[in-house]
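Colleague: In order, the protein sequence lines correspond to chains A and B.
Under this note's numbering, the very last position in the first sequence is 188; numbers go up by exactly one each time.
Under this note's numbering, the very last position in the second sequence is 389; numbers go up by exactly one each time.
Derived from the structure by calculation, the hints contain no laboratory data.
Here a beta-carbon is modelled for each residue, glycine too, at the ideal position from N, C-alpha and C.
Check each hint, because a few of them may be wrong.
Coverage of chain B stretches by chain A, computed from C-beta distances (three or more under 8 Å per stretch; other residues unrestricted) [as the list claims (entries may be wrong)]:
hint	stretch
1	255-262
2	273-279
3	286-299
4	324-333
5	340-351
6	362-373
Taking lysine-lysine and the DSS-like style, the derived pairs with C-alpha atoms no more than 25 Å apart in a straight line are [stated by the list, open to error]:
hint	chain 1	residue 1	chain 2	residue 2
7	B	K250	A	K99
8	B	K238	B	K220
9	A	K95	B	K207
10	B	K384	A	K107
11	A	K165	B	K238
12	A	K95	B	K203
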Amino acid sequence: MILLELFWTFFKIGAFTFGGGYAMLPMIQSEVMAHGWMTSTELVNFIAVSESTPGPFAVNVSTYVGTETAGLAGALAATLGVILPSFIVILIVAKGFEKFQNSTAVKGCMSGLRPAVVGLIGAAAVSVGQTVFFPAGVSLSALLSVSCLISVAIFVLMIILALKKVHPILIILLSAAIGIAAGYLQAA
Amino acid sequence: MEQGKTGKEALTGMKQEKKRTKLLQLFLTFLKIGAFTFGGGYAMIPLIQKEAVERRGWIQDKDILDIVAIAESTPGPIAINSATFVGYKVCGTAGSFFATLGVVLPSFCIIYAISFVLRQFEGLQVVKYAFSGIRAGVLALIIKALVSMYRQCPKGVLPYILMGAAFAAVAFLKVNVMLVIAVCAVIGLISTIAAKRRGAQ
Numbered sequence: 001m002i003l004l005e006l007f008w009t010f011f012k013i014g015a016f017t018f019g020g021g022y023a024m025l026p027m028i029q030s031e032v033m034a035h036g037w038m039t040s041t042e043l044v045n046f047i048a049v050s051e052s053t054p055g056p057f058a059v060n061v062s063t064y065v066g067t068e069t070a071g072l073a074g075a076l077a078a079t080l081g082v083i084l085p086s087f088i089v090i091l092i093v094a095k096g097f098e099k100f101q102n103s104t105a106v107k108g109c110m111s112g113l114r115p116a117v118v119g120l121i122g123a124a125a126v127s128v129g130q131t132v133f134f135p136a137g138v139s140l141s142a143l144l145s146v147s148c149l150i151s152v153a154i155f156v157l158m159i160i161l162a163l164k165k166v167h168p169i170l171i172i173l174l175s176a177a178i179g180i181a182a183g184y185l186q187a188a
Numbered sequence: 189m190e191q192g193k194t195g196k197e198a199l200t201g202m203k204q205e206k207k208r209t210k211l212l213q214l215f216l217t218f219l220k221i222g223a224f225t226f227g228g229g230y231a232m233i234p235l236i237q238k239e240a241v242e243r244r245g246w247i248q249d250k251d252i253l254d255i256v257a258i259a260e261s262t263p264g265p266i267a268i269n270s271a272t273f274v275g276y277k278v279c280g281t282a283g284s285f286f287a288t289l290g291v292v293l294p295s296f297c298i299i300y301a302i303s304f305v306l307r308q309f310e311g312l313q314v315v316k317y318a319f320s321g322i323r324a325g326v327l328a329l330i331i332k333a334l335v336s337m338y339r340q341c342p343k344g345v346l347p348y349i350l351m352g353a354a355f356a357a358v359a360f361l362k363v364n365v366m367l368v369i370a371v372c373a374v375i376g377l378i379s380t381i382a383a384k385r386r387g388a389q
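Assemble the whole structure, with the sequences as input and the hints as a guide.
Modeller: Okay, here's the thing in structure tokens:
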């Protein structure tokens, strides 16, 4: 039963994601967190793990959630689920690719989907922001706490580096180093 | 008669042999692509170009543009879309299967192995500190992805409305993400058809 649920949940995630990488985040947030398979903090931590290991984010996260929930069989069920929609659709589309690409139906749907995905990633970013800056809930005292200020400082620095096209893995390593230094300084 | 038959059989045998080699090559090539792409998605495209166009000659440069276009307009992860598509072009449905299996296998194995140690690591104080910094860095990466997707997005009154509505619906009203995606696709479709009709008149 749990295997079927894993398969079906990740099938939905695969079927409703358009565009690569973080476009998957809104669906994963809503589906995986709703099942209680991952907390918001665990998900954000795992994004960093996924960025630092090879392979697509979708496969990484389905394998991880599947393993954590139901072992190897769970990993297989979840990963199969996330792969299957795109596998099937591409097989159908590959023959008449140009006809598909130029059809009014596809163009029309995409013209609505593209901006929607931007809005959805924006919403995902707000939720991740809450997890990063206010892990214990939004409040004025949390905003003025040292740990929140450190997070803000790291965030601002990293966004400058990210927009300058510094490699994601380097950004993760730098953030980790600053996090460790700040943590021990605060404890001392 | 007899000779002709064996000749034909030998030919089919050779064809099968060739197909088997191609399937193995597809599997190994995409295994390599899966093992050396960090971050997935578009990071995979240059590697596919190098392996499938330059090294193997399976597809042409213009096919790469097709792959990007098709990956963008079909659901699912870009890595899976492109592996399935290239596999199909080279060797039909069996090709799709082996290319996709290849691209998935490295990350499946690595994450499966990591999942056993990750929880234990997360308990360490130094790792906790590291992750508290990393989470802020991850938010920066998400914002960067958001900015680049915004830049590629069509601009205009309707796109801005859809963008804002999708954002508000999920961020504040907690509307189901799938519903938002479906509704926006339908609105895009209707507006495109309406624009076409106006153009025709």
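Colleague: So, for every hint listed, does it hold in this structure?
Modeller: Tested hints:
1. 255-262: holds (count 6)
2. 273-279: holds (count 3)
3. 286-299: Result for this restraint: holds, n = 8.
4. 324-333: Per the Cβ count (10), the hint holds.
5. 340-351: holds (count 8)
6. 362-373: n = 7 at 8 Å, threshold three: holds.
7. B:K250 <-> A:K99: Within the cut-off at roughly 16 Å; holds.
8. B:K238 <-> B:K220: holds, 12 Å
9. A:K95 <-> B:K207: Roughly 20 Å between the alpha carbons, so the hint for K95 of chain A and K207 of chain B holds.
10. B:K384 <-> A:K107: holds, 12 Å
11. A:K165 <-> B:K238: holds, 22 Å
12. A:K95 <-> B:K203: holds, 22 Å
Going through the hint list in order, the structure satisfies each hint without exception.
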